[in-house]
Amino acid sequence: MTTETVVRPRPATADGAPPEQRHGTGLPALGFLAPFLVLYLAFIIGPALYGLVMSFFDTSLVKPGLSGFAGFGNYTEALQSSGFWSSLWHTVWFTVLTTPPLIVLAFVFAVLADRARRGRWFFRLAFFAPYILPSAVVALIWIFIYTPGLGLIETGLGQLGITSPNWLGDPSWAMPSLAFTTIWWTLGFNFVLYLAGLQEIPRDLYEAAAMDGASPWQQIRKITIPMLGRTTTLVAVLQVIASLKVFDQMYIMTSGGPNFATRSILEYVYDEGFTNFRVGYAAAVSMLFFLVVLLVSAVWFSLVRRQEKEV
Amino acid sequence: MTLSRRALLGGAAAAAALGVSGCSGVTPGRRSSGSLDFWNLFGGGDGVRMTQMLDGFRAADPGITLSAVTLAWGNPYYTKLALATLGDKPPDVAISHLTRMKTLVASGLLEELRPADLARHGISADLFTPRAWQAGLVEGRAYAIPMDTHPFVMFYNTDICAKAGLLDPSGALTPLDSPEKFTDAMRRAKAASGAYGGVVAINNDTSTPWRIFQSLYSQLGGEMLADEGRRVVLDDAKATQVLAFLQSLTRSGLFPAGIDYQGAIATFANGQAGFYFQGEWEISTFQTAKMPFSMTLFPNLYGGSRYAVQADSHTLVIPRQPAQDPAQLDRSLRLVRSLLDQSKTWAEGGHVPTWRPFRDSPEYRAMTPQSNYAAAADNAVYDPEGWYSGSGSNFEIVTGSAVATVLGGQQSPAGALAQMHDQLRNLALTASPI
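One line per chain: the protein sequences are W and A, in this order.
With the UniProt record's numbering as the guide, the letters of the first sequence map in order to residues 1 to 311.
With the UniProt record's numbering as the guide, the letters of the second sequence map in order to residues 1 to 434.
A portion of the hints provided could be inaccurate.
Stated by the list, open to error - The list that follows gives simulated cross-link-like pairs (lysine-lysine, BS3-like), each with its CA atoms no further than 27 angstroms apart:
| hint | chain 1 | residue 1 | chain 2 | residue 2 |
| --- | --- | --- | --- | --- |
| 1 | W | Lys63 | A | Lys344 |
| 2 | A | Lys163 | A | Lys290 |
| 3 | W | Lys245 | A | Lys80 |
| 4 | A | Lys290 | A | Lys238 |
| 5 | W | Lys245 | W | Lys309 |
| 6 | A | Lys80 | W | Lys63 |
| 7 | A | Lys181 | A | Lys89 |
| 8 | A | Lys163 | A | Lys181 |
Unchecked claim - Quick look at which bits of chain A chain W covers, simulated, 3 or more residues with Cβ under 8 angstroms:
| hint | stretch |
| --- | --- |
| 9 | 51-65 |
| 10 | 93-101 |
| 11 | 405-418 |
These aren't lab readings, by the way, just hints derived from the structure by calculation.
Every residue gets a Cβ at the ideal spot worked out from N, C-alpha and C, and that includes glycine.
Start from the sequences, fold in the hints, and give me the full structure.
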């Protein structure tokens with residue numbers, strides 16, 4: 001899936017021109033694309049447009065129709081609501097806490113696993129395995145680990161004579177604890193992307209560098225990191241978007257608590273739309289959040305453009 | 001998959017019905033097959049007892065194929081119930097907390113239970129405890145059949161209390177009906193247990209902090225909301241008094257300051273605390289743990305001659321049905337009646353029955369410790385009315401979160417009060433989506 005887009009070399013021809021394209025009516029192609037396009041229209045574009053319309057109305061989940069026109073009322077309410085800003089901040093804070101470690105650690109572990117001579121399959125499995133677990137399972141495991149009094153960490157640290165904070169119960173520790181869980185859980189995905197990228201780097205580069213007396217550290221700095229630049233861009237953007245979409249682990253592990261300290265923007269949308277029945281308002285919040293994600297994607301596109309010009 | 005004879009016969013009946021009415025354009029569906037869908041939100045001991053009661057119904061009414069679905073408690077349950085009903089796929093009968101039922105009625109999601117229909121199944125208003133029945137009326141009409149009242153109560157470890165000198169010669173707990181007596185008892189229990197005096201769930205739990213706050217606050221006569229939730233009438237002086245008292249319990253180390261629901265249970269079950277505060281449904285947990293305990297009314301610290309305690313009721317409701325089918329309604333009411341008739345099983349799980357044929361019986365009066373706190377039902381304080389209020393609602397989350405910060409020592413009573421005001425005002429000012 002995504003891995004393939006990374007490892008597949010850019011189609012290049014001798015003169016650097018784009019690969020040959022056959023021109024036609026495109027009708028057969030459209031035929032092949034139709035099943036996907038229909039689903040895409042029905043389940044992505046359609047609902048998104050409906051959501052956009054709904055965000056300008058006081059739509060209620062339990063009343064038929066769109067209800068009264070609200071203009072930009074929902075948007076101004078959201079922008080003035082402390083709940084909106086604090087939950088948006090929680091999402092951003094979570095993204096800040098998770099993205100750098102998930103990129104750096106995935107890179108480090110991929111390099112190490114790639115270097116392992118024996119049992120390479122074991123390291124790959126070990127790092128990737130947590131990613132396969134469903135969010136509910138991950139949440140249950142880590143709730144046990146963090147439980148005050150009886151949990152794994154507190155028992156372990158207790159034996160070393162260290163008193164641990166209340167990991168999920170203390171508003172200032174809850175978010176770092178959730179971030180740590182998420183890093184353990186989702187590291188495997190970035191790890192695999194990096195591993196695939198590493199295998200694309202021609203071995204002879206390293207051989208040549210070693211002949212010229214480059215130390216392993218120099219090899220990593222001068223060959224591996226630059227050669228993985230495109231992978232890093234992709235990993236970074238996918239990671240930022242994945243982190244911005246955080247919902248499951250928070251909803252299950254802390255339900256947004258303690259004292260709303262871990263309520264993400266998506267949980268805010270869920271709370272307003274589904275439990276408060278205010279789908280119009282929730283749609284407006286979703287649209288605002290969509291703009292944030294759009295902005296991040298735009299940054300990615302500009303980065304990729306620049307990299308492609310450099311290559 | 002195993003196919004029971006009943007399911008097979010039911011399926012055959014449905015197929016036959018389909019054949020008969022096939023040309024009329026009416027899909028008979030599950031209704032002609034004598035099936036019944038029931039949704040509930042019971043986990044733990046309640047879940048076990050509800051399963052027993054449903055089995056009781058199946059045995060008594062083998063013609064009806066009952067399928068029961070248990071969903072996660074709180075907001076998720078009510079969200080699913082509302083969405084299923086809006087999508088014309090409601091269950092035939094569902095559980096709703098009494099404090100959630102009015103919002104469902106206002107959303108047009110419940111069927112009215114007409115006296116004539118109820119009478120056919122021997123159900124009428126005078127057969128229920130008045131407080132629970134009346135709390136469930138909307139404009140004089142019934143939409144919910146209360147099964148129980150479930151008050152916030154006090155559990156106590158009889159060994160620790162005996163050691164602490166808190167039991168009188170007959171074995172009854174000495175009254176703790178003032179803040180001083182209460183604190184003193186906690187201090188003595190702490191000495192006796194060697195760890196804590198009492199314990200209440202704080203972390204990752206907003207309902208329990210809300211329940212203990214509401215119990216004490218309403219003993220002072222405090223109210224939270226007025227005008228169906230459009231106005232916040234939080235009394236600062238009374239709320240501060242309660243919050244300061246709650247904080248004194250954790251700050252002095254009499255209560256643990258950071259413990260979650262399961263942790264609080266474990267602390268009490270392991271004898272590390274003399275008292276535990278929660279709804280009466282946890283009775284099964286401690287019976288299973290085979291520990292020495294009893295239960296009584298949550299103490300009346302502030303009320304004087306007037307007692308008040310936070311409570312709610314589980315009620316049986318019939319979500320709005322896409323098609324009116326008298327036969328289906330009768331099947332649903334048969335289940336309702338059967339569950340009421342099994343009030344004894346339900347009461348064993350701690351709940352105070354509302355069904356007077358059982359509630360007024362000597363059998364119930366002989367049940368201990370259940371009958372110790374039966375009086376709580378008459379002094380039950382339900383969550384205030386409002387579209388965002390009720391069991392496990394955003395109202396409870398907002399208030400409970402603030403109370404939890406006070407118990408956990410992260411915020412002063414004044415800070416928590418300001419937060420409560422701010423968030424409640426936001427909800428109160430929001431036009432009801434219903």
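Outcome of the hint check:
1. W:Lys63 <-> A:Lys344: 40 angstroms, violated
2. A:Lys163 <-> A:Lys290: 19 angstroms, holds
3. W:Lys245 <-> A:Lys80: 22 angstroms, holds
4. A:Lys290 <-> A:Lys238: It is violated: about 39 angstroms lies between the C-alpha atoms, which goes past 27 angstroms.
5. W:Lys245 <-> W:Lys309: Violated, at roughly 31 angstroms.
6. A:Lys80 <-> W:Lys63: Holds, at roughly 16 angstroms.
7. A:Lys181 <-> A:Lys89: 54 angstroms, violated
8. A:Lys163 <-> A:Lys181: 17 angstroms, holds
9. 51-65: Per the Cβ count (0), the hint is violated.
10. 93-101: violated (count 0)
11. 405-418: Check passed, 4 qualifying residues.
Of the numbered hints listed earlier, those contradicted by the structure are 1, 4, 5, 7, 9, 10.
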